[in-house]
Every structure is written in structure tokens, then in C-alpha cells.
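Could you build all of it, start to finish, from the sequences and the hints given here?
One letter stands for each residue in the lines below.
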Amino acid sequence: MEKILQVKDLNISFHTFSGEVKAIRGVSFDLLKGETLAIVGESGSGKSVTTKAIMRLLPEHNSEIKKGEILFNGKDLTKLTDKQMQKIRGHDISMIFQDPMTSLNPTMKIGNQIMEPLVKHQNMSSHAAKERALELLKLVGIPKPEIRINQYPHQFSGGMRQRVVIAIALACNPKVLIADEPTTALDVTIQAQILELMKDLQKKIDTSIIFITHDLGVVANVADRVAVMYGGKIIEIGTADEIFYNPQHPYTWGLISSMPDMETDDDELFSIPGTPPDLLDPPKGDAFAPRNPYVMKIDLEQEPPFFKVSDTHYAATWLLHPDAPKVEPPEAVKRRQSQFSSIAGTASGDVRLEKSNFPGTKEGK
Amino acid sequence: MAKYILQRVIYMVITLFIVASITFFLMKLIPGSPFKSFTKLTEFQQTLLLEKYGLNDPLPVQYFNYMKNTVKGDLGISFQFNNTPVTELLANRIGPSAILGLQAMVVGALFGIFLGTIAALKQNTWIDYGSTFIAVIGKSVPSFIFAGLLQYYLAVKLHWFPVMLWRGPEYTILPTIALAMFPISIAARFMRTEMIEVLGSDYITLARAKGASRFQISIKHALRNALIPVVTVLGPLAVSLMTGSLVIERIFGIPGLGEQFVKSIDSNDYPVIMGTNILFAVLFVVIILIVDILYGFIDPRIRISGGKTK
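First to last, the protein sequences are chains A and B.
Be aware that the first sequence starts at 19, since it is given in the numbering used here, and climbs by one per residue.
Be aware that the second sequence starts at 96, since it is given in the numbering used here, and climbs by one per residue.
Quick caveat, the hints were computed from the structure, so don't treat them as lab data.
No experiment lies behind these values; they were computed from the predicted model shown.
Warning: the hint list may mix true and false statements.
[As the list claims (entries may be wrong)] The calculated PhoX-like cross-link candidates involving lysine-lysine, where the alpha carbons are at most 25 Å apart (straight line), are:
id, chain 1, residue 1, chain 2, residue 2
1, A, Lys127, A, Lys105
2, A, Lys105, A, Lys222
3, A, Lys217, A, Lys70
4, A, Lys84, A, Lys26
5, A, Lys97, A, Lys162
6, B, Lys315, A, Lys148
7, A, Lys84, A, Lys21
8, A, Lys97, A, Lys85
9, A, Lys101, B, Lys217
10, A, Lys127, A, Lys93
11, A, Lys70, B, Lys163
12, A, Lys26, A, Lys315
13, B, Lys123, B, Lys98
14, B, Lys315, A, Lys127
15, B, Lys217, A, Lys97
16, A, Lys101, A, Lys70
17, A, Lys101, A, Lys84
18, A, Lys84, A, Lys97
19, B, Lys315, A, Lys101
20, A, Lys101, A, Lys85
21, A, Lys148, A, Lys105
22, A, Lys105, A, Lys85
23, A, Lys70, B, Lys167
24, B, Lys217, A, Lys105
25, A, Lys70, A, Lys21
26, B, Lys315, A, Lys105
27, A, Lys148, A, Lys21
[Claimed, not checked] Where chain A lies over chain B, by a calculated footprint (3+ residues, C-beta under 8 Å):
id, region
28, 301 to 309
29, 355 to 365
[Stated by the list, open to error] Here are the simulated distance ranges between beta carbons:
id, chain 1, residue 1, chain 2, residue 2, range
30, A, Leu89, B, Leu197, 58 to 66 Å
31, A, Asn29, B, Asn219, 20 to 28 Å
32, A, Asn141, B, Gln218, 28 to 36 Å
33, A, His172, B, Val386, 19 to 27 Å
34, A, Asn141, B, Val342, 52 to 60 Å
35, A, Asn80, B, Val231, 25 to 33 Å
36, A, Lys26, B, Asn219, 32 to 40 Å
37, B, Arg309, A, Thr207, 35 to 43 Å
38, A, Lys97, B, Met96, 51 to 59 Å
39, A, Thr207, B, Leu111, 47 to 55 Å
40, B, Leu197, A, His33, 45 to 53 Å
From the three backbone atoms N, C-alpha and C, an ideal C-beta is built for every residue, glycine too.
Below, the structure is given as C-alpha cells:
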């Protein structure tokens with residue numbers, strides 16, 4: 019598979035009043051052509067910072083890329099000037115943001131907002147750009163585009179606004195689409211519609227997607243591969259099936275255990291005890307060690323390297339070391355695995371949690 | 096739209112009625128009589144005059160008569176300025192005040208918005224600090240000091256402009272600058288704050304993600320959104336500038352409203368006090384209406400459609 023984007027040993031720090039926050043500490047991953055890579059992790063794990071770094075949208079006054087490369091088309095994006103980067107943003111790599119209520123300019127007609135990247139990157143005349151904008155609005159499923167194109171964002175609902183944001187992102191047929199929690203601010207039925215739309219559009223324009231989320235249900239629905247982040251590092255990466263059926267890192271176990279399911283009605287929903295690490299002063303060993311029920315002495319002293327589970331599956335935990343004691347994943351993880359299998363058996367073959375759990379969702383829209 | 100404006104005009108009339116009533120009774124609380132300063136008149140002659148102008152009538156009667164005449168467009172005659180009708184007096188005086196105020200406002204708003212915008216774009220650089228310095232000076236130093244300095248250096252020393260009086264466009268420049276310092280500082284401070292807030296918002300990040308350049312982002316996306324609150328502050332400020340600045344008018348010898356207003360209060364010249372106040376109130380409500388209509392142009396969310404406000 020062709021690698022469209024490569025992130026190599028990325029280190030990013032923020033300079034704050036209380037010191038240097040090492041937000042990203044050696045992140046590496048590849049994005050393959052046409053795939054959807056989900057990045058999951060809790061707040062502050064570095065998901066958004068990684069993707070903002072790819073877009074070079076981090077605040078200039080206090081952020082710094084300390085080390086590493088972001089290779090796109092043979093160019094290292096971390097070395098480009100702002101002018102050169104402007105040609106890539108919105109054209110080759112574009113982004114969908116979390117909150118559609120605030121990510122559109124309230125004083126600009128949505129048509130003009132969609133036309134902006136077209137005029138900028140493809141030198142379209144305003145007439146041609148308008149035609150294309152109408153086409154895009156139709157593509158993202160907005161009814162009566164001829165009327166809607168002249169309206170302002172406040173005349174749209176949340177879900178419709180997110181469709182407009184998607185239309186803007188897709189305007190120039192980008193090679194990479196970064197979606198930063200695009201469904202988090204939407205209610206569940208609209209979430210499902212937006213996810214369907216994104217999957218549908220990905221096939222149509224053949225783009226690769228980096229999908230940031232903290233919702234494993236969404237991951238199961240959209241992702242080909244999953245990278246789990248914790249404390250500014252990727253701690254486990256693999257195909258969606260590998261992460262859901264054969265997770266290796268105790269943090270991934272914790273994440274899967276804290277997914278609500280049909281049987282968690284009477285007992286309390288599981289949560290991982292403790293708090294995320296303080297990245298002002300990152301721990302010496304495994305960042306997850308203080309919260310890890312399977313912690314070993316070496317976890318506190320040395321950072322675990324990536325252990326290979328399969329050709330596509332790697333996890334950074336000392337539990338995979340040949341000398342480590344054999345540990346079984348917790349009961350909750352096993353229970354969910356059997357649930358995934360039974361759902362997958364009735365659905366189309368792979369893991370389709372979200373969609374099949376909501377009978378009201380319209381399919382094929 | 097027409098329905099909305101009609102509705103607003105009705106509210107304006109009610110507001111003006113209330114303002115006029117309050118002014119009338121407050122004014123009557125000022126001790127003294129309009130004819131006290133006419134020392135050549137005997138006590139008896141003064142009483143005759145009071146009788147003639149209806150000032151010995153009970154207060155409710157005076158109030159009723161005044162309101163009746165005002166509705167007819169008759170604001171009475173001045174006791175102090177040789178029986179000139181108040182309307183004529185105001186008409187002669189409003190010109191210079193309005194021109195001066197309008198110029199100061201336009202210069203102040205444009206320059207202030209410019210200063211505030213570049214300060215926000217170049218946050219924490221010497222440009223930002225320079226703009227802050229100008230704004231602090233403009234707000235804390237009274238206008239008469241600027242007036243004096245401008246007169247001394249630009250007029251007396253360099254002979255670039257006339258020192259004072261009101262005889263043509265070149266006479267308006269120095270007082271305009273002196274008067275504009277305050278709106279400049281207000282607009283610059285507000286604009287900087289708003290602009291910084293807008294530049295940090297999600298839609299600006301989205302605009303950057305589209306590949307828009309810094310210039311396009313500031314002009315096309317940020318400026319218009321940042322202007323919305325600034326317009327709110329500048330509207331009422333425009334009224335206070337247009338209705339005359341007593342100090343500036345005195346220093347430059349400008350025959351405006353401000354000077355006359357203070358004189359009329361000193362001498363209990365009731366019709367002039369009332370007339371001037373009603374004029375101020377009219378200007379105020381009209382400008383507020385203009386500001387509200389302007390809002391619609393700047394911010395589509397509050398645009399008025401079919402008589403309904405959204």
C-alpha cells in the first residue's frame with residue numbers, strides 16, 4: 019500500500035508559564051492511501067496536537083516542534099514556510115472540526131465560505147466556483163442547495179452545518195482529510211448520518227482520513243486501523259479488528275472496558291482509576307504505570323519499546339516481553355469481544371457496533 | 096423593514112416625551128429666575144416679566160402649555176438672547192457642532208479601528224505597545240490639553256493651521272484632531288480586544304485550514320465580526336461628540352451648541368435648556384436607530400426580516 023503521509027518521531031512542546039509541556043513525545047505512524055486511521059485516547063493524550071501539527075495550525079507563539087518529520091509527497095511539512103503551507107492547507111490536506119456551531123463564519127454566506135478554497139487553490143472564476151459549491155452541497159446531502167447557498171450559518175442546524183464544513187473540506191478533493199472529533203458535538207442520530215456520509219464520500223473521492231475521537235463506538239464504525247494514544251505517545255496501533263478482538267496494552271483494555279454496553283444497566287460504568295500524567299514532568303517509565311493494575315517494576319523505570327504482535331499490530335507494554343508473566347485481559351474485555359463477534363456475525367462481517375444498535379438510523383443515505 | 100422602523104419611531108416618540116418631561120421638572124428645580132441678572136429691573140418689573148412669560152402659573156399648567164407648544168414645533172423664545180426663537184437659535188448653532196463632531200467621529204472611528212486591528216494582528220510587539228500607548232494617552236489626557244498643544248505647535252509655531260475661529264474647512268482640522276483623541280482611544284482598545292477574541296475563534300482556524308492567507312483572514316473573516324461590538328460603543332459616543340464639546344468650542348472660539356447650552360443653564364433660560372435637551376435626545380434616538388440598522392448590515396444574525404426580529 020502506498021504511504022500518503024508519514025509521521026516520524028514527532029516531538030512537540032508547549033512553552034507555558036509553569037514550564038515546558040511535552041505534549042507529544044515521539045509519535046510515529048503512516049497513513050496509507052484510501053484508509054481511515056482512527057486516533058483514540060482521552061483528553062490531553064495528544065490526538066488533536068498531532069493533527070494540528072500536520073496542518074501546522076498550532077499557535078505560533080508558544081508551540082514548538084522539537085524533533086521529527088511529517089512527510090507528505092516527499093516534502094517535510096515541518097520545514098515549509100507559512101506561504102508554502104497555505105498552498106497545501108485546504109488543497110492537499112484539509113480538516114473538519116469538532117464544533118460545527120462555531121466553525122463557520124457567522125457573517126459570511128455559506129456559499130462564499132465553500133467557494134473560498136476553490137478560488138484560492140484552483141483559480142476558479144467565481145461563476146465556476148459557485149457551480150462547484152452547488153455540486154458540493156448536493157454531494158453532502160443538503161436539500162435545495164440553490165437557496166441554501168445564499169444563506170448564513172445561523173439558518174442551518176448543527177448537523178447541516180457539519181455537512182457544510184465537510185463540503186468545505188472536500189472542495190478541492192484533498193488527499194488527506196483530518197477529522198477532529200467531527201461527531202462529538204452532534205446528537206447520536208445525526209452522528210450516525212454524518213459518519214455514513216463520510217464513509218460514502220471517502221469512496222467517491224478516494225481520500226485518506228485521519229479520524230480523531232474518544233468514542234470507540236465511532237471507531238468501530240469507521241476505522242480501518244486504530245492508533246491508541248496516551249500521555250503524548252502512541253501506545254498501541256493495529257487494524258480495527260486487532261484492537262477490538264486482540265488488544266494488548268492495559269490502557270486499551272481499560273478503554274474497551276469503559277464502553278457502555280447492553281449489560282451495564284445495573285452496575286456502574288467502568289472507569290480507569292487515577293488521572294492522566296503531568297506532561298510538564300513526564301514519568302520516567304511507562305506513562306500509564308501509576309494507573310495500571312498489572313504494573314511491574316520495570317514499568318516504573320524504563321519506557322517500554324514497541325513489541326510486534328503481528329505485521330500490522332504493535333503495542334508498547336512490557337507485558338509482551340518474553341520474560342513477563344502471562345496476563346489475561348480483564349473479564350469485561352473478554353465479554354465485549356464475544357459481543358463484538360455476535361454482532362459482527364449478524365451484520366456485514368466486520369465490527370458494526372453503532373449502526374446496528376440504532377434501528378432508527380437511516381441507511382444508505 | 097418598514098414596519099420595524101415605524102415601530103421604532105413610535106418608541107422614539109414615547110422616549111422623547113419622557114425625556115422632555117423629566118428635563119422640564121428637573122429644570123424647574125434649579126433655583127433662581129431668568130431675570131435675576133437683569134439688575135436694572137425693579138422687583139415689580141421682574142414680576143411683570145414672569146407673569147408675561149407664564150412663569151407664575153402653577154407647574155402643571157406650565158408643563159401642559161410647554162408640551163402643547165412643543166408638539167406644534169414651537170420651542171418658545173430665549174430670555175437671554177434678545178427674544179430670538181429657540182428653534183432659530185439652535186438652527187444657527189448646530190452646524191459647527193455637528194460638522195466638528197461628525198469629523199471627529201469619522202477620524203476617530205477609522206483611525207481607532209485601524210490602530211486596534213494592527214495591534215491585535217501584531218500582538219505583544221512594539222506596534223501593539225505603541226497603539227496601547229496612544230490609546231491610554233487619548234483616554235486619560237483631557238482634550239483641552241491636546242487643543243492647547245496643537246494650537247501652540249502646529250498653529251503658533253509652524254503656522255500650518257489657523258489658531259482659532261470658524262471660517263472654513265482649514266479651521267476645523269485642529270479642533271477635529273483634539274476632539275478625535277477620545278474616540279480613537281475607545282475604538283482602538285475595543286477593536287484590539289474584539290479582534291484578538293475573534294482571531295482565536297474556531298472559524299478563523301477553519302479559514303486557516305482552508306489555506307487562506309493572513310491578510311485574507313484578517314480582512315475577510317475577522318474584521319467584520321470584530322466590528323459588531325465596536326459599533327455599539329461608537330454610536331452613543333457619536334452623539335456626545337456631535338452635540339458639542341464645550342471646552343473645545345471655547346478654546347477654538349467655535350460658535351456651537353455646547354457653549355450656548357452652559358450659558359443658558361447659568362441664566363435659567365428655560366426655553367433654551369429645554370430646546371437643547373430635546374435636540375440632544377432626538378439626535379440620540381435617531382443615532383441609536385441608525386446603529387441598529389447598521390447592525391443588520393454587519394451581522395446577518397440580527398437582520399430584520401418581515402417585521403420580525405431574530
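* Checked against the structure, which of the hints given earlier come out wrong? -> Hint check: 5, 10, 11, 12, 13, 23, 27 and 29 fail, others pass.
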